[in-house]
Each structure stands twice: as structure tokens, then as C-alpha cells.
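So the chains spell out like this:
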Amino acid sequence: MSVTVTAPARGARFLARRRRAYYWFIVPALVVVGAVIVFPWLFTLWMSAFDWTIGSAAHFVGFGNYAKLATNQRFLEAILHTFYFTALAVAVPLVLGTLAALIFHREFPFRGVLRGVFVMPMMATPVAVALVWTMMFHPQQGVLNYLLSLVGLPPSLWVYSPTLVIPSLVLVEVWHWTPLVMLIVLGGLAALPTEPYESARLDGASEWQLFRFITLPLVAPFIVVAAVIRTIDALKTFDTIYVITGGGPGTASETINLYLYLQAFAFYNIGTASAVVVVFFVIVLALALLLLHVREKTKWS
Amino acid sequence: MPDRERDTGPEPQRRRLLQAGFGAAALGAIPGAGQLAAQAQGAFDWKRFKGEKIEVFLVKSPRGDLLTKYHKEFEDLTGISVGSEMIPEQQQRQKAVIEFNSGNTSFDVIAISYHVQKRLFGKNKWLEDIRPMMADKSLADPNLDFPDFAEGGLKYATQADGRIDSLPFNLDPWVVYYNKELFEAKGIAYPKTFAEMIDAAARLNDPAKGVSGFVARGLKNANVPVWSSFLLGYGGGFVDAKGKLATDAPEAVEAAKMYQTLLAKYGPQGVAGFNWNEAQSLFLQGKAAMWLDGIGFAQPLEDPTKSRIVGKVGYGVMPAGPKQQVSALFGDGQGISTFSRKKGPSWFYLQWAANKANQTRILQAAAGAPVRKSAYAMAQSSADFKAPKQWVECMLTSARIAQPGLPVIAPVTEFRDVFGIALTNMINGADPATELKKATAEFQPILDKSEKA
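As you go down the protein sequences, you meet chains A and B in turn. The first sequence: position 113 = 105 (our numbering), numbered continuously. Start counting at 1 in the second sequence, then tack on 1, and there's your number in our numbering.
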């Protein structure tokens, strides 16, 4: 009996001791997070307050770099290009990927093989893909203009035209990443229950109604997940653009990432580059919050 | 094993100390040390630094490949072992700046591009002044033959304050490749002046047949030397003595107009995105009458597996502008990191790399245009030399009339970017004067800042 009486007190003491002991176990994680995330971040913030070009002395300028960026037309355009590119590079693969998932969800001969073929672009290295597309975009010797000529269309300038360059780059992204969206949505479709469809069919629902009112709402969470992944990928796209156009012609396809790369590694303006990173981070954070909000809503419905 | 290591421990250390002493002496950094070294070892001896090891940081290019291929020869000659790293140009430049800036370099010898890095390296004194070593008879190879280097190359290797911090290796003057067949078909002679050049481009331009009168780089950044080729002929410059940009002066605007005419009117579709490789492939197909670029492209043009115009390529010296005839010049060389602790062996490497045999090899491998004048005579006399005679003549003439194709300033990349964008915009229809004014206004503060700091 005496054991049970004293047990809670002993237990509490034990827990307190244990809590104190376990407290130390978070230290490694804390150190790692501090060293690889928090410290670089604070250091970036610190550097963004300096006017510092490698090879010359640094001067403290406070928010000077940000003030300059706010009036820098090239940087502001880069933000617009980033949004334009991201919007297209998220929306088009989402629509096409969902469509592809619906098709591959049906039963038809060689489905497995065709699924495999469809997923193949995803496995290719972005830089290699970009180099191949660069050749295909070539206005004189590229295969794309040859294909256009076969169907009687005039040749296009593709990435060599300031107005067409971003849609052309999105084309590469679409080819490369639609399979990813397809895979995610296909996973969602496979998990759908069959009962709602059966009862809807009994009530005389059309195929479109089945899709619009049952399939779409049920796979919406998966589509949103795909959208989140695509948005992150599209925002950080660098390799494709860098290899194919380098931000050109002129600055027509210069996104924040390319501008950042130029400032940091071509011009060695570390202060400016750090400020760009901070602004980019704020943009990414805002978009992430927005997407989380959307995700919560789809869950709720 | 551990025992043996302990046994031999002090010995290498002592040797290292001795070597350090030699290194410092070789440098002439310590007053009197140079003399000491000279007394210790009077005559020049390739084997002097036997057993040492140096690290060489090269650019991945036919020239880098060539040097790497013959490193064994240097090792046999000197007993110095060479560790070499070779990476693509852009990455090499980035890595170099970051390492120099950290105050310590993993390499002893580095390949440098004068047109991009000269001022940056010179301003920061990142490379060792080689003049003391050149003057030291115990360190300078008697066969170095300094006057054999082309004037353009020597000028390139000399900083504004008189320091010589590298040995020049390869020169790259800009020339006009032209398709003789297309010229002959229309009975047009190779242009001697800018006006004739524009006229020839206009007459040879035949969009119906897919032939462009002229092709050159339109891609931003890469396109700036094309414009500066014209700018120099118009008598213009980049920066005046007071550090003010001259890039919106009337000469600059005229040059930009010429650039716009040749590329937008007589160039191929999409030329705004062309770098040298797109231009080259168009010219190789016989689809361009003239191509303005660096001189190093003879090999692909004369290669039957790549080119449809073998034997039909003319190599023309840049036509004369209204003021003067100038070929825009680019070049590279090798220097010694000021943070290196192996300056003596590194200096030996520099002398070996730029020796006559290696220079001749550049020509024989068609890997570029060597800076030594003697290399051309030596190469031509050998039986296996295949480069066309006109190419050699074009090189020699161009090197004589050459001037740096880019301003000698620290932020060269930024200069090329800002003005490159202006030029690309012109191809797409923007007004040259307005674009240049805008670019000049944008770049002046950047230049001021770089010179002040």
C-alpha cells in the first residue's frame, strides 16, 4: 500500500528530473538549426545593411540598399517577371496534369507503360533539358520552327523575342513538370471512394456533373498540394532560365533569382544581393501564407 | 609506419623551412634576400626548386587542356610537381575572386583574362609583381626572350602603375570571317572601311535564301565587344582620363547605330539571343556572309566534319573606321597569387608555360593565337601546320593594330551587362542615343564607386 501512496510524489520528482535531463537533448537540433538557418539569416540581414562589393571596403548604409531596390526599375521588373512566370508555370501544369491524371485513371490497354512514358521527363536533369530545348528553340535550325512550317505556320522567335520568351520558357517547365502534378493527382484519384459515384449515377448525374461535384472537390486537397509544390519550384526556377536565355533578350526574362545571381556572383555586390534575398524571402513567405490559407479552406469544405 | 614517420619528422620540417627561406629570397620581398639567393645560386637552374609542389588554377579551354597535357614535361624539367585544377571560365573567375578576397588561395598560379580581371586584380594587388624575378638572373630563364612577346600582350600584362603581374599567353584580336563564295557570287570585294562593310552586308543579305549579310553576338553581355569594335574605329573610347564615361559621346552613338543596322537589318532573325556559338553555327552552314568575332575559330571553320564552307572562309582584318583601323583585343595570361608560399616554383611555371615550344603548340593545335611573335614563324615552317596562310597574316596584322576591347576597370562584368542590355534593346528597335544615355547614367555611379573604394 505504501508503494501506491508514495508513487505519485516519486513520479513527479522523477518527471521533473527527467524533464530537466531531456531538456539537453534538443541542444544538437538547436545548434544545427542555429548554425545552418538562423545564423546565415541574421548574417544576410546584417550584410544587407552594408554597401559592400567584394574587393573593396564595406560601408554601413542602413536601409540604403532597400531604398535603392525600391526605385530600381530592373529589380521591379524582375519581380513582375517572376510573378508572370510563376503564375503560368503553376496554372498550366495544374490543368494539364489534372487532365492527364483523369485520363490515366481510366482503364485502357498499355496504361502502365504509357504512364511510365509520361513520367519520364521528370527524371531528366534540368540543365540537360534546358540545353536540348535551347537547340529546339533556335530560330533557323531549331526543330520547333520546322514543325511550325510543316503545318503551314510562320516561324516564331520563341525565346529570342522579348514578348514570347517567358511563355516559351513556361513551355519547358510544363513539359518537365506536368508529370509531377499528374502523379500527385493520380494518387488522389486512386484513394477516392466509389459509393458517391454509384449513388449519383442512380440519381441520373451526367459525367460532367460527376466530375464537377464529386471528383473535383474530393481531389482538391491533392491539387492544392501539387499547387504548393509547383509554386515553390516555379519561384525558385533558375537553371532552366539561366541556361536557355540568361535572363535575356535584354532583361525580358530576368526573374528575381537571375537578378540575385548577377548581383552576387557576377558583380560581387554582396550588400545589394543580400537585400534582394531578404525581399525575395518576404515574397515567398507571403505566398506561402496565402497558399496555406487556401489549403485550410479546401480542407474545411 | 608511425615510427618511421616520427623518425623522419624533423627532416622535412627543416627542408620546409629552407624552402620558405628560398621562397622569400626568390621574391626579393626581404631587402637583400634577392642578393643572398643570387650568391647562393648564381646561374639559372631549372632544377632549383626540385621536390616542391605547386597548385595551378586554369580555365577549361583548348589552351588549358594544352598546358595540362604537357605538365609532365614541366615536372621532368624542374622536378616540381604540379597539381592542376581546370574549370569553366565563369566559375573560375568567381572562385578566384572569392579566394583572393578571403586572403588565402588554394592555388599558386592562376590563369587570368586581361579584359575582365586586369583592373580588379591590379587594384587589389592580388598578383605578385614579377619584375624583381625577371630581373634576377638566377631566377629568369636566359631563353625567356621578353622582346619576343607582342606589344599588345605586354601592354595588357602591365598595370597602370607599371607593375607587371602576369606573363601574357594568348591574344584574341577580333576579326571578320567572310564567306568568299557568297562575296564572289555578287562580285563584292572584302570591305576596307565601315561604310563598305555596311554596304556589303546590305547587298549580301538575302532573307529569301536564308542568308544574312552579317552575323555577330546579340546576346547581352557577350555583345559588347561587337559594339566596341566599331566604337574604336570611330575614334571613341570607354572612360576618359578623369574617370568619366565616354559611352554616350557622338562616336559611341555612331558605333551603336552601326551595330543596330548590321544586326537588326542585315542579321538573322532572333540575333538578339545569339552568342558566338549560334553565330558560328549559322556561318558554318554558309548562311551568313560575314561574322565578326575573336580570331580563335579557324579550327571549326576548316573542319570538314563540322563546316560546309571548308576552304571558302576568308579571314579579314577589321575594316577601318572613319578615324582609325583598330582590332578589339582580348587576351589571357598567367600570374602568381600574392598569397602563394611557393613563388619561386610558380615563377618557373609561368616561364615554362609561356615558352616558345608551348606557344608554338597553341598554334599547331589551333587552340588560339599565341602572344609570342616567333611562334608564327616556327609553326608555319613545320609540316603539320594546317591553318590557312591568310589566317596567320590576319592575326599578325590584327595584333599590330589591336587595342583593348573592353575598358580596364574593375566592374567589367557589370559594364558588359548594362551596355549589353542597351545593345540588345537596340536590336529590338530602341533608339541608340537614348539607350546609351540611359546605360551611361546607370553605370557612372558604379564606376565611381569602384574607383573610390
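Just so you know, the hints here were simulated from the structure itself, not pulled from any lab data. We treat Cβ as the ideally placed atom computed from N, Cα and C, and that holds for glycine. Do not take every clue at face value.
[Claimed, not checked] Under 10 Å between C-beta atoms, here's a sample of chain A residues computed to sit facing chain B:
| id | residue |
| --- | --- |
| 1 | Asp43 |
| 2 | Ser48 |
| 3 | Gly104 |
| 4 | Arg107 |
| 5 | Met128 |
| 6 | Gly196 |
| 7 | Phe203 |
| 8 | Thr207 |
| 9 | Gly238 |
| 10 | Gly240 |
| 11 | Leu254 |
| 12 | Phe257 |
| 13 | Phe259 |
| 14 | Tyr260 |
[Stated by the list, open to error] Result set (DSS-like, lysine-lysine): computed pairs, CA atoms no more than 27 Å apart in a straight line:
| id | chain 1 | residue 1 | chain 2 | residue 2 |
| --- | --- | --- | --- | --- |
| 15 | B | Lys450 | B | Lys438 |
| 16 | B | Lys387 | A | Lys60 |
| 17 | A | Lys228 | B | Lys374 |
| 18 | B | Lys138 | A | Lys60 |
| 19 | B | Lys450 | B | Lys70 |
| 20 | B | Lys439 | A | Lys60 |
| 21 | B | Lys187 | B | Lys307 |
| 22 | B | Lys61 | B | Lys439 |
| 23 | B | Lys181 | B | Lys61 |
| 24 | A | Lys60 | B | Lys61 |
| 25 | B | Lys374 | A | Lys60 |
Taking the hints in turn, this is what the structure says about them:
This hint holds: Asp43 of chain A has a C-beta 8 Å from the nearest C-beta of chain B, less than the 10 Å allowed. Among the interface hints, the one on Ser48 of chain A holds; its C-beta lies about 3 Å from the nearest C-beta in chain B, closer than the 10 Å criterion. The interface hint given for Gly104 of chain A is broken, as the beta carbon of that residue sits about 41 Å from the closest beta carbon of chain B, more than 10 Å. Taking 10 Å as the C-beta contact cut-off toward chain B, the hint placing Arg107 of chain A at the interface is violated, the least distance being around 36 Å.
Checking Met128 of chain A against chain B by beta carbon gives a least distance of about 13 Å; that is not within 10 Å, so the hint is violated. The beta carbon of Gly196 of chain A is not positioned within 10 Å of any beta carbon in chain B (closest approach about 56 Å), and the interface hint is therefore violated. The criterion of a C-beta within 10 Å of any C-beta in chain B is not met by Phe203 of chain A, whose closest approach is roughly 42 Å, and the hint is violated. Annotation: interface hint on Thr207 of chain A violated; nearest CB of chain B at approximately 43 Å, more than 10 Å.
Given hint, Gly238 of chain A at the interface with chain B, holds; its Cβ is 7 Å from that chain's nearest Cβ, closer than 10 Å. The interface hint given for Gly240 of chain A holds, since its Cβ lies 5 Å from the closest Cβ of chain B, which is under the 10 Å cut-off. Hint on Leu254 of chain A holds. Least Cβ distance to chain B is approximately 7 Å, under the 10 Å limit. At a threshold of 10 Å, the smallest CB-CB gap from Phe257 of chain A to chain B is about 5 Å, leaving the interface hint in force.
For Phe259 of chain A, the interface hint holds, since its Cβ comes within 10 Å of a Cβ in chain B; the closest pair sits about 5 Å apart. A cut of 10 Å between beta carbons decides the hint on Tyr260 of chain A: the least distance to chain B is about 6 Å, and the hint holds. About 19 Å separates the Cα atoms of Lys450 of chain B and Lys438 of chain B, which keeps this hinted pair within 27 Å; it holds. Restraint check for Lys387 of chain B and Lys60 of chain A: the C-alpha separation of about 55 Å exceeds 27 Å, so the hint is violated.
For the hint pairing Lys228 of chain A with Lys374 of chain B, the CA-to-CA distance comes to about 50 Å; that exceeds 27 Å, so the pair is violated. In summary, the hint linking Lys138 of chain B to Lys60 of chain A is not supported, as the alpha carbons are separated by about 55 Å, beyond the 27 Å threshold. Note on Lys450 of chain B and Lys70 of chain B: the hinted pairing is violated, with a Cα-Cα distance of about 42 Å set against a maximum of 27 Å. At roughly 17 Å between alpha-carbon atoms, Lys439 of chain B and Lys60 of chain A fall within 27 Å of each other, so this suggested pair holds.
Restraint check for Lys187 of chain B and Lys307 of chain B: the C-alpha separation of about 26 Å stays at or below 27 Å, so the hint holds. A hinted pair counts as satisfied when its Cα atoms are at most 27 Å apart, and Lys61 of chain B with Lys439 of chain B does not qualify at roughly 36 Å. Taking the CA atoms of Lys181 of chain B and Lys61 of chain B, the gap is near 33 Å; set against the 27 Å cutoff, the hint is violated. As the CA atoms of Lys60 of chain A and Lys61 of chain B are separated by approximately 37 Å, the hinted pair breaks the 27 Å bound.
Restraint check for Lys374 of chain B and Lys60 of chain A: the C-alpha separation of about 50 Å exceeds 27 Å, so the hint is violated.
Hints 3, 4, 5, 6, 7, 8, 16, 17, 18, 19, 22, 23, 24 and 25, counting from the list given before, are not met by this structure.
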